[in-house]
Amino acid sequence: MRGVAGCGEGDLEGNFGEAEPGFSPDEAVEEAGRCLACKKPGCVEGCPVSIDIPAFIRAVAGGDFRSAARILKAENMLPAVCGRVCPQEIQCEGVCVLGVKDRPLAIGKIERFVADWERENGVELPPVALPSGKRVAVVGSGPSGLTAAAELARSGHAVTLYESLHEAGGVLTYGIPPFRLPRDVVQAEIGAVLSLGVDLRLNHLVGKSVPIRDLLSYDAVYVATGAGLPFFMGIPGEHLNGVYSANEFLTRVNLMHADRFPEYDTPVRHGCHVAVVGGGNVAMDAARVARRLGARATLIYRRREEEMPARRAEILHAKEEGVEFLTCANPARVLGKDRVEGVECVRMQICGEEQDGRTWFEPVEGSGFVVDADVFIVAIGTSPNPLLPRCLEGLECGRLGNVVVDGEGRTSLPHVFAGGDVATGAATVILSMGAAKTAVKAMNRMLRGEG
Amino acid sequence: MEEVLSLSERVFQLWIHAPHVARNAEAGQFLVLRIDEQGERIPLTISAVKGDLVRVIFMTVGKTTGRLSMIPEGGEIRDIVGPLGRPTALQTYGTCAVIGGGVGIAGAPFIARALRGKGNRVIGILGARSAPFLILEDEMRGACDETFVATDDGTKGQKGFAADLLRAVVAREHLDAAWIIGPAIMMKVTSEVTRPLGIRTFVSLNPIMVDGTGMCGSCRVNVGGKTRFACVDGPEFDAHQVDFDGLLTRLRMYVDEEKEAMEHLHHGQCGAGR
Ligand SMILES: Cc1cc2nc3c(=O)[nH]c(=O)nc-3n(C[C@H](O)[C@H](O)[C@H](O)COP(=O)(O)OP(=O)(O)OC[C@H]3O[C@@H](n4cnc5c(N)ncnc54)[C@H](O)[C@@H]3O)c2cc1C
Ligand SMILES: Cc1cc2nc3c(=O)[nH]c(=O)nc-3n(C[C@H](O)[C@H](O)[C@H](O)COP(=O)(O)OP(=O)(O)OC[C@H]3O[C@@H](n4cnc5c(N)ncnc54)[C@H](O)[C@@H]3O)c2cc1C
Ligand code: FES
Chain A
9 MRGVAGCGEG
19 DLEGNFGEAE
29 PGFSPDEAVE
39 EAGRCLACKK
49 PGCVEGCPVS
59 IDIPAFIRAV
69 AGGDFRSAAR
79 ILKAENMLPA
89 VCGRVCPQEI
99 QCEGVCVLGV
109 KDRPLAIGKI
119 ERFVADWERE
129 NGVELPPVAL
139 PSGKRVAVVG
149 SGPSGLTAAA
159 ELARSGHAVT
169 LYESLHEAGG
179 VLTYGIPPFR
189 LPRDVVQAEI
199 GAVLSLGVDL
209 RLNHLVGKSV
219 PIRDLLSYDA
229 VYVATGAGLP
239 FFMGIPGEHL
249 NGVYSANEFL
259 TRVNLMHADR
269 FPEYDTPVRH
279 GCHVAVVGGG
289 NVAMDAARVA
299 RRLGARATLI
309 YRRREEEMPA
319 RRAEILHAKE
329 EGVEFLTCAN
339 PARVLGKDRV
349 EGVECVRMQI
359 CGEEQDGRTW
369 FEPVEGSGFV
379 VDADVFIVAI
389 GTSPNPLLPR
399 CLEGLECGRL
409 GNVVVDGEGR
419 TSLPHVFAGG
429 DVATGAATVI
439 LSMGAAKTAV
449 KAMNRMLRGE
459 G
Chain B
-1 MEEVLSLSER
9 VFQLWIHAPH
19 VARNAEAGQF
29 LVLRIDEQGE
39 RIPLTISAVK
49 GDLVRVIFMT
59 VGKTTGRLSM
69 IPEGGEIRDI
79 VGPLGRPTAL
89 QTYGTCAVIG
99 GGVGIAGAPF
109 IARALRGKGN
119 RVIGILGARS
129 APFLILEDEM
139 RGACDETFVA
149 TDDGTKGQKG
159 FAADLLRAVV
169 AREHLDAAWI
179 IGPAIMMKVT
189 SEVTRPLGIR
199 TFVSLNPIMV
209 DGTGMCGSCR
219 VNVGGKTRFA
229 CVDGPEFDAH
239 QVDFDGLLTR
249 LRMYVDEEKE
259 AMEHLHHGQC
269 GAGR
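As they're listed, the protein sequences go chains A and B.
Sequential numbering of the first sequence, starting at 9, is according to this note's numbering.
Sequential numbering of the second sequence, starting at -1, is according to this note's numbering.
It should be emphasised that the hints constitute simulated quantities derived from the structure, not laboratory data.
All values derive from a computational prediction rather than experimental measurement.
Careful, some of the hints might be misleading.
Calculated pairs, BS3-like style, for lysine-lysine (alpha carbon to alpha carbon, straight line, at most 27 Å) [unchecked claim]:
1. A/Lys48 <-> A/Lys142
2. A/Lys345 <-> B/Lys116
3. A/Lys142 <-> A/Lys449
4. A/Lys117 <-> A/Lys327
5. A/Lys109 <-> A/Lys47
6. B/Lys157 <-> A/Lys345
7. A/Lys345 <-> B/Lys154
8. B/Lys154 <-> B/Lys186
9. B/Lys186 <-> B/Lys157
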């Protein structure tokens, strides 16, 4: 029942190509033409990295894609990534005035178009300042580390970017699947960052391969190690074969290419019926990958669909692709002797409201039922990996293991800054990039001796 | 890759040039390597260091170890990350036993030397299936104050298991601490010898890993009723708290796929391999 060839469920099997098509030049120009060019553009405030949105939209409307790319790149070194994965509906597009009567301007898709156009027509690099003579270390090559490295390099510092995995990109590489974010897109944007003069050291786990005294010998350090430590549910049967954290399942497929086993050496259990617990982007990705490995996929979420934290678009895509939703249910035990044979769940019911206004759900006694499954994926969240913070003596950390920072990314240690998921807990690509930009401004002031 | 040596029919030793690993490695730690773009990430114990070189010793049990054994001298391994895991808890305990079974002996001399460096008296115990499979005997004799050998078939040293030798040692004298490194089943059985005596015992666990840095949970083991990640919380744990049956089950996760990978390897080589 293992089925490396999958169980032939549906026509998605093996299809890891990009799921959502982009704009053609004509479509982009036409869509950009809808912009009302508001006097006080809410979209810019809605953008965590403050891209001059009206200006780049105006350039696209006028057919000047090169200028549009330049404007984007001034604030965001990863536009092709952000255009694809940002939750625009709660950011720039969420405040777009067009959205009041009609649909908001498709800012994300226009951004993606411009970035893709530039990649095909030659990438222009932003200017780099004269060498400052300062050495800076950035730990972690996810979106936060990449952004910090790019901004620091542009400021003229000698930047070393450490990454423990064998590829750069963090979650962009091992987590978000290629049908949402194609690998060549990520690679090209990483390539642009590196060509600013950033020295990338792969396979370097800071705290182990790079001793702390070496790390602290840099003039400044930016820690962007993300929130990669997966939570398990703590229910019986979680040790069974066929139970994966979403991180492991996605890493096996996205980073190690287990979908192409045995051409690639790393295996993954495809399963005939995959149950995923969780309601965020990560859970949607895991379920959609499972569908592409040829399995039936059921998503189990303890609240209602409207409470799911995933991007709206991801929920819709998952449904279109045949992922079944089982809401108001929670796994209580994984069944099986050695391998997963099913997941016992309980129904959840609304029991009033929490103080923060969120609806409170509780298990219904005696409501147990079994979901048939041979693979069970746990996607209920992650926390910061404690490995590096534990090694940094005197570094203040919060209750959930997050590194405590001030509004400009300063930690409790001098010269050490931090940002992205390691400081906030699991958040978004763009927030992690915004944190990097803020921190780099403060790092630059410190490196110039301005305190 | 500086040197390739075959220690026995199925056990190989490699010295690999990896300064970032070698310069920071301590006893009890491991590394993760990936041979090439198609390769799997596999963990191997760091069994010695010399300048910028690290030594690994492995048994060819599947595709990756099989391919590793065929890399020629001067050849390349694409990725090596390490040192990983917590080092052996070095202290002055008094009298310690370091017990290696099969290819697990790979990690034993490094630990024995480190313990001796802390002023401990160290007794070495080596167990192997048969004389040709016994590795690092001389090195272990050099690292320990006293060394005993057993083989399952009696072709070298005493006939029997490492656990039998350990039983004889604890009958003879007081032990303050013990390290057991070997196949999961051997660690399970051998740690039962020290349990009733309350001897502090460490085992070096070898679950299936992916990243080796604490971000996937593939390596989770149940220790004292808690889920621990062997790659960052271990690999050494209190032997008497480990759920070995759970570990043994998880090690069998991919038996079917492993067979398939081997078939793929042999097809690919048109009979050139072993
Ligand atoms: C499956 C999935 C889907 C997601 N989908 C979306 C989405 O659609 N939209 C969105 O906005 N956000 C999404 N997110 C969240 C988003 O990816 C993260 O918020 C973002 O990647 C955080 O960036 P970061 O740079 O802080 O950390 P990460 O991307 O986690 O990068 C951290 C990097 O640091 C490395 N590292 C860790 N420790 C060390 C060390 N000691 N030494 C060296 N290197 C180290 C890690 O290997 C990793 O590469 C998703 C997350 C996941 C897991
Ligand atoms: C911390 C640690 C240290 C280790 N040190 C050594 C060592 O010094 N010498 C040595 O010979 N072996 C060591 N191992 C075991 C070694 O990693 C496996 O033998 C190797 O991964 C097998 O890969 P393969 O492709 O050749 O075989 P496969 O055909 O893939 O598997 C053969 C067996 O190896 C185990 N295995 C498979 N994949 C992995 C994996 N990714 N991680 C761990 N185990 C796996 C499985 O139980 C399987 O039954 C160690 C394992 C761990 C976790
Ligand atoms: S190997 Fe991934 S967490 Fe240990």
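* Could you grab the alpha-carbon distance between B/Lys186 and B/Lys157 and see if it respects the 27 Å cut-off? => 20 Å, holds
* Restraint check for A/Lys48 with A/Lys142, where alpha carbons must lie at most 27 Å apart -> Distance ~39 Å between A/Lys48 and A/Lys142 Cα, so the pair is violated.
* Given the proposed pairing of A/Lys117 with A/Lys327, does the C-alpha separation stay at or below 27 Å? -> With Cα atoms ~21 Å apart, A/Lys117 and A/Lys327 stay inside 27 Å; holds.
* Is the straight-line distance between the alpha-carbon of B/Lys157 and that of A/Lys345 27 Å or less? -> Violated, at about 36 Å.
* Going straight from one Cα to the other, do A/Lys109 and A/Lys47 come out at no more than 27 Å? -> Between A/Lys109 and A/Lys47 the Cα gap is close to 18 Å, so the pair holds against 27 Å.
* Taking 27 Å as the top limit, are the C-alpha atoms of A/Lys345 and B/Lys116 close enough? -> 45 Å, violated
* Sort out whether B/Lys186 lies within 27 Å of B/Lys154, counting only the CA atoms. => 23 Å, holds
* Can the restraint linking A/Lys142 and A/Lys449 be considered satisfied, given a maximum Cα separation of 27 Å? -> 15 Å, holds
* Given the hinted pair A/Lys345 and B/Lys154, is their alpha-carbon gap at most 27 Å? -> Status violated; Cα separation ~40 Å.
In this structure, the earlier hints numbered 1, 2, 6, 7 are contradicted, and the remaining ones agree with it.
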